[in-house]
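When we follow the numbering used here, the leftmost residue of the sequence shown carries the number -14, and every step to the right adds one.
What the hints contain is simulated information worked out from the structure, not anything from laboratory work.
Quick caveat, the model's predicted, so the values are computed rather than measured.
One thing to keep in mind: the hints can contain errors.
As the list claims (entries may be wrong) - Restraint ranges, calculated between C-beta atoms of paired labels, are given here:
| id | residue 1 | residue 2 | range |
| --- | --- | --- | --- |
| 1 | Arg7 | Gly67 | 52 to 62 angstroms |
| 2 | Arg34 | Arg61 | 17 to 27 angstroms |
| 3 | Asn5 | Glu77 | 44 to 54 angstroms |
| 4 | Ser2 | Ala26 | 47 to 57 angstroms |
| 5 | Gln22 | Gly68 | 16 to 26 angstroms |
| 6 | Ala76 | Thr3 | 22 to 32 angstroms |
| 7 | Lys59 | Thr3 | 20 to 30 angstroms |
As the list claims (entries may be wrong) - Pairs of lysine-lysine, DSBU-like flavour, derived with a Cα cap of 30 angstroms:
| id | residue 1 | residue 2 |
| --- | --- | --- |
| 8 | Lys37 | Lys(-3) |
| 9 | Lys71 | Lys37 |
| 10 | Lys70 | Lys17 |
| 11 | Lys17 | Lys(-2) |
| 12 | Lys37 | Lys59 |
| 13 | Lys59 | Lys70 |
| 14 | Lys37 | Lys(-2) |
| 15 | Lys59 | Lys71 |
| 16 | Lys17 | Lys71 |
Using N, Cα and C, we set each Cβ at its ideal position, and we do this for glycine too.
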Amino acid sequence: MLRLSIQFFAHKKGVGSTKNGRDSEAQRLGVKRQDGQMVVAGNILMRQRGTKIHPGTNVGRGSDDTLFALIDGKVRFEHLRGGRKKVSVYAEQ
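Generate coordinates for the entire structure from the input sequences, incorporating the hints supplied.
In structure tokens:
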């Protein structure tokens, strides 16, 4: 009697796992309103970490250092002594 021996082998190699493939969401920081642009009270002017740009006239600072307009007006970026910068909002006349 004829005995037939059939063996099945894997046609794909075993696939290892990877430790890559993750990344955190972007924080979307930066200037949101440009110099000379009109804003209304409450508009976010800049999102930042730390005081890269300081709040000037009619500009508030949030707990995460976000700068926002306190009044309606025009945005102005200005330079201070010591190389610092500030952003102010001036009412239009």
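Are any of the numbered hints broken by this structure? If so, which, sorted upward? Violated: hints 1, 6, 7, 8, 11 and 14.
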